[in-house]
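There are 2 protein chains.
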Amino acid sequence: MLNIAIIGVGTVGSSVANILKDNKEIITARAGRELIPTIGVVNNLNKKRDVSIELTDDINKVLDDDSIDIVVELMGGVDKAYEVVKKALEKGKAVVTANKALLAYHRYELQEFAQDIPFEYEAAVAGGIPIINALREGLTANNIISIKGIMNGTCNYMLTKMINEGVEYNQILKEAQDLGYAEADPTFDVGGFDAAHKLLILGSIAYGIDAKPEEILIEGIQNITSFDIEFAKEFNYSIKLLGIAKRVGDEIELRVHPAFVPNDQMIAKVDGVMNGISVIGDKVGETMYYGPGAGGDATASAVIANIVDIARRGKGSPMLGYEKSFNKNLKLLPKDAIKTKYYLRLEVNDKAGVLAKIATILGDCGISIEKMLQKPLKNEKSNLLLATHTCVEKDIINAITELENSKVVTQKPAMIRIEA
Amino acid sequence: MLNIAIIGVGTVGSSVANILKDNKEIITARAGRELIPTIGVVNNLNKKRDVSIELTDDINKVLDDDSIDIVVELMGGVDKAYEVVKKALEKGKAVVTANKALLAYHRYELQEFAQDIPFEYEAAVAGGIPIINALREGLTANNIISIKGIMNGTCNYMLTKMINEGVEYNQILKEAQDLGYAEADPTFDVGGFDAAHKLLILGSIAYGIDAKPEEILIEGIQNITSFDIEFAKEFNYSIKLLGIAKRVGDEIELRVHPAFVPNDQMIAKVDGVMNGISVIGDKVGETMYYGPGAGGDATASAVIANIVDIARRGKGSPMLGYEKSFNKNLKLLPKDAIKTKYYLRLEVNDKAGVLAKIATILGDCGISIEKMLQKPLKNEKSNLLLATHTCVEKDIINAITELENSKVVTQKPAMIRIEA
Ligand SMILES: NC(=O)c1ccc[n+]([C@@H]2O[C@H](COP(=O)([O-])OP(=O)(O)OC[C@H]3O[C@@H](n4cnc5c(N)ncnc54)[C@H](OP(=O)(O)O)[C@@H]3O)[C@@H](O)[C@H]2O)c1
Ligand SMILES: NC(=O)c1ccc[n+]([C@@H]2O[C@H](COP(=O)([O-])OP(=O)(O)OC[C@H]3O[C@@H](n4cnc5c(N)ncnc54)[C@H](OP(=O)(O)O)[C@@H]3O)[C@@H](O)[C@H]2O)c1
Numbered sequence: 032m033l034n035i036a037i038i039g040v041g042t043v044g045s046s047v048a049n050i051l052k053d054n055k056e057i058i059t060a061r062a063g064r065e066l067i068p069t070i071g072v073v074n075n076l077n078k079k080r081d082v083s084i085e086l087t088d089d090i091n092k093v094l095d096d097d098s099i100d101i102v103v104e105l106m107g108g109v110d111k112a113y114e115v116v117k118k119a120l121e122k123g124k125a126v127v128t129a130n131k132a133l134l135a136y137h138r139y140e141l142q143e144f145a146q147d148i149p150f151e152y153e154a155a156v157a158g159g160i161p162i163i164n165a166l167r168e169g170l171t172a173n174n175i176i177s178i179k180g181i182m183n184g185t186c187n188y189m190l191t192k193m194i195n196e197g198v199e200y201n202q203i204l205k206e207a208q209d210l211g212y213a214e215a216d217p218t219f220d221v222g223g224f225d226a227a228h229k230l231l232i233l234g235s236i237a238y239g240i241d242a243k244p245e246e247i248l249i250e251g252i253q254n255i256t257s258f259d260i261e262f263a264k265e266f267n268y269s270i271k272l273l274g275i276a277k278r279v280g281d282e283i284e285l286r287v288h289p290a291f292v293p294n295d296q297m298i299a300k301v302d303g304v305m306n307g308i309s310v311i312g313d314k315v316g317e318t319m320y321y322g323p324g325a326g327g328d329a330t331a332s333a334v335i336a337n338i339v340d341i342a343r344r345g346k347g348s349p350m351l352g353y354e355k356s357f358n359k360n361l362k363l364l365p366k367d368a369i370k371t372k373y374y375l376r377l378e379v380n381d382k383a384g385v386l387a388k389i390a391t392i393l394g395d396c397g398i399s400i401e402k403m404l405q406k407p408l409k410n411e412k413s414n415l416l417l418a419t420h421t422c423v424e425k426d427i428i429n430a431i432t433e434l435e436n437s438k439v440v441t442q443k444p445a446m447i448r449i450e451a
Numbered sequence: 032m033l034n035i036a037i038i039g040v041g042t043v044g045s046s047v048a049n050i051l052k053d054n055k056e057i058i059t060a061r062a063g064r065e066l067i068p069t070i071g072v073v074n075n076l077n078k079k080r081d082v083s084i085e086l087t088d089d090i091n092k093v094l095d096d097d098s099i100d101i102v103v104e105l106m107g108g109v110d111k112a113y114e115v116v117k118k119a120l121e122k123g124k125a126v127v128t129a130n131k132a133l134l135a136y137h138r139y140e141l142q143e144f145a146q147d148i149p150f151e152y153e154a155a156v157a158g159g160i161p162i163i164n165a166l167r168e169g170l171t172a173n174n175i176i177s178i179k180g181i182m183n184g185t186c187n188y189m190l191t192k193m194i195n196e197g198v199e200y201n202q203i204l205k206e207a208q209d210l211g212y213a214e215a216d217p218t219f220d221v222g223g224f225d226a227a228h229k230l231l232i233l234g235s236i237a238y239g240i241d242a243k244p245e246e247i248l249i250e251g252i253q254n255i256t257s258f259d260i261e262f263a264k265e266f267n268y269s270i271k272l273l274g275i276a277k278r279v280g281d282e283i284e285l286r287v288h289p290a291f292v293p294n295d296q297m298i299a300k301v302d303g304v305m306n307g308i309s310v311i312g313d314k315v316g317e318t319m320y321y322g323p324g325a326g327g328d329a330t331a332s333a334v335i336a337n338i339v340d341i342a343r344r345g346k347g348s349p350m351l352g353y354e355k356s357f358n359k360n361l362k363l364l365p366k367d368a369i370k371t372k373y374y375l376r377l378e379v380n381d382k383a384g385v386l387a388k389i390a391t392i393l394g395d396c397g398i399s400i401e402k403m404l405q406k407p408l409k410n411e412k413s414n415l416l417l418a419t420h421t422c423v424e425k426d427i428i429n430a431i432t433e434l435e436n437s438k439v440v441t442q443k444p445a446m447i448r449i450e451a
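If you read the sequences in order, they're chains C and Y.
32 is the number of the first residue of the first sequence in my numbering; add one for each residue after it.
32 is the number of the first residue of the second sequence in my numbering; add one for each residue after it.
Here chain C stands alone, though its shape is the one from the complex (with noise of 0.2 Å):
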């Protein structure tokens, strides 16, 4: 038998509580033992929630408490979830969580913590989908060549319906709203930020590297209008919000951001809300993982199968996937020193000489044209949607800023990466 504490009832707590029940026979025969969900820990013990476990707003009466065996923390949130997580480890608990915040930022400190104790944290990632077993356990005979995920399934939801209902980011955003898609403030989600805390927790299980949020490239999905849907269609793209570790070298690519991605690869048929991941290792060769990335019975399945491997075998494999250090001389590859393809969206005047001038800056910085769109505006402008070859992040940035300098385009020009 094994108490469990389940710290935050909410969407996922409950979640928890309730399949612990529900499933309790299956579950126990395959931990080998009952799985009780012993206490709750809540802010505000007056709210109506449906579950079935005894609640309680005293946190620090809970940790505790030695005959807890299993700490599961589900408040979200960092520096309070660092202090209680930290506080369970200590004092021998075995924690499992599902905060991408708290291992955005600390999950190096936790490391440390966690050498003899179970630490598990698999929904984290991608919700339901057991990425963190595959790339933990599943794929470590391979130096890992990269990962290309879409992570976020509030703004799958968003891209997908974009494409294939030609509908704008503002009325798409407000729909997502009313369905409970997207929350009142959707900037966590649209901007990239809750992607790329979990694309550095995959960073560090592939690379063993540590980086914080603010160190890597974050952009998010506002920016993308229906000339971008159209240029997609044109050359048989789609557009995904990809989280992308690379190694380029001895350097590691860690990037959120809108991308076109060519319509025969796997992750550009994962549409809607769900998540897709990709992982290509040199020897194995790409594998790719798919599944509902949120929702509290889907991110609770996560939860509960971590809860399952510390029954039956205590502590499993190295919290972050390496038992001895490794590569310390990998580092953060620089922003602007990325290398793929470019699209850029330019508002220009429909004047004789326009495109010549365009040419003629891009090639300059170094750029030269794969394909090119021309779509009319009105007041005699035009938009010219256009990808590059390969080049290197620096020389685009220079390009946008010359081509702004230049005033050969009416507006900012509009960037967005292409992974091919």
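FYI, nobody ran anything at the bench for these hints, they're computed from the structure.
Misleading hints may appear alongside valid ones.
Heads up, simulated EDC-like pairs for lysine to aspartate or glutamate below, C-alpha to C-alpha not over 20 Å straight-line [as the list claims (entries may be wrong)]:
no., chain 1, residue 1, chain 2, residue 2
1, C, Lys300, Y, Asp295
2, C, Lys362, Y, Glu56
3, Y, Lys52, C, Asp313
4, Y, Lys362, Y, Asp281
5, Y, Lys438, Y, Glu354
6, Y, Lys382, Y, Glu433
7, Y, Lys55, C, Asp313
8, C, Lys362, C, Asp241
9, Y, Lys346, C, Asp147
10, Y, Lys300, C, Glu56
11, C, Lys355, Y, Asp53
12, C, Lys78, C, Asp88
13, C, Lys406, C, Asp89
14, C, Lys372, C, Glu245
15, Y, Lys355, C, Asp88
16, C, Lys243, C, Asp281
17, Y, Lys355, C, Glu450
18, C, Lys55, Y, Asp281
19, Y, Lys264, C, Glu56
20, Y, Lys443, Y, Glu250
21, C, Lys355, Y, Glu65
22, C, Lys355, C, Asp281
23, Y, Lys192, Y, Asp302
24, C, Lys192, Y, Asp295
Away from chain C, derived, C-beta distances all over 10 Å, residues of chain Y [unchecked claim]:
no., residue
25, Met32
26, Ala62
27, Ile67
28, Glu140
29, Thr191
30, Ala242
31, Val334
32, Lys366
33, Ile449
Just so we're clear, the structure is a prediction, and the values are computed from it rather than from any experiment.
Here a beta-carbon is modelled for each residue, glycine too, at the ideal position from N, C-alpha and C.
Fit chain Y with the ligands to the known structure of chain C by using the hints.
Chain Y with the ligands alone, transformed into the frame defined by chain C:
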């Protein structure tokens, strides 16, 4: 340091030995100790091989060697492999295998010997995809509703070519043989037996059900024609060889056969030699796992993942996923009790009244038609391609017999199941 003996240094065995050397640095960091491919066992010591490991043809000497910690069985076959693996486990050596045939027949006997000793087999199902890992550890919170998998790359390659390029079965088989995707005797792959072995393993983890290949429905892809492909295209289906495990009340369906799959399902998007397995859990919903199902390096990636697991934590999860017996009352659903939708291809004479006669026979058998397509043939014949509403397998078999007896069809009807 762990000493590893590789029994069978063929396609997969050579890759295991080579990857343990190539990726030694990262594997050691992940495993926490050195994994040494100490000795390899082969049949024919004179064969030229591209691998640098000491070789012997004396299996018993290796099994008796107390310095060997892990035995990796990659020789294939059933009886001899069973003997080898059993002896290794009795000697207290951990065992890793990629041998699905061995497990299809002996997994429950082997489980007895593997109570306290690690016995792992990730590579036995879907090669490089960590699907055993996902099902046995990642989804433990769930009652599994169904598993639908594309688990044979040869068949998927052939079916993809047939559908994309309109090539007939015999021609594409020859192509696949020339490319090395199909064996000289392709029966094991195209007849569905390889997929069946893998399905039985997944069925055990999902449902704790024991079954042998002889007890389940297995049909191959040999009788698929371009008419079936045309029907698929017309109604937006793909054709896949599926392994299906599904719970219906207290009975379990286990079956392997070609199936029409709606194009919007994720597994319909798994093309070419790749494998993909969709699992639906009652709490998590659908997750899908995609990747290479065969090939030396991809398969070795999974074998080595098991070795790393053993190095990290010795005995991990219970071999077939259950610490305690569960659901001993679950029984195999009889083959003729399957309920699904069916496609029939009926060759008929182009005469008035034929359709009415067919509709009457089907109706009398309790079968109603959902979709139909008529395609003219030479000699005043036609192919009627039709899809039924959901009905029972027994009724379809009965209807096919009635159609043949009535002489309304000029050839034995072909039937393909539809998985929507
Ligand atoms: N929801 C998802 O789909 C999902 C998916 C993946 C990961 N996650 C992660 O899972 C965690 C939980 O998410 P959620 O959606 O379940 O959040 P939620 O619905 O907001 O629930 C949070 C719970 O924590 C309690 N809580 C917060 N601060 C507390 C404090 N200082 N002391 C005691 N109790 C406190 C709240 O109490 P009251 O109920 O009294 O307010 C509430 O029960 C987060 O880290 C989130 O990032 C969520
Ligand atoms: N190939 C794949 O892509 C793949 C994918 C998934 C799973 N698997 C499974 O992995 C296993 C190995 O497959 P494989 O393709 O590597 O086979 P393979 O290339 O035919 O290699 C078999 C090896 O075993 C040796 N061997 C066979 N019988 C032996 C005996 N009685 N004593 C000593 N050595 C013996 C052979 O020796 P010689 O070299 O001297 O003939 C050969 O080295 C099989 O169970 C297969 O189902 C393979």
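Q: Any hints from earlier that this structure breaks? Give me their numbers in increasing order, please.
A: As far as the earlier hints go, 5, 10, 13, 14, 15, 17, 19, 26, 31 are violated by this structure, in ascending order.
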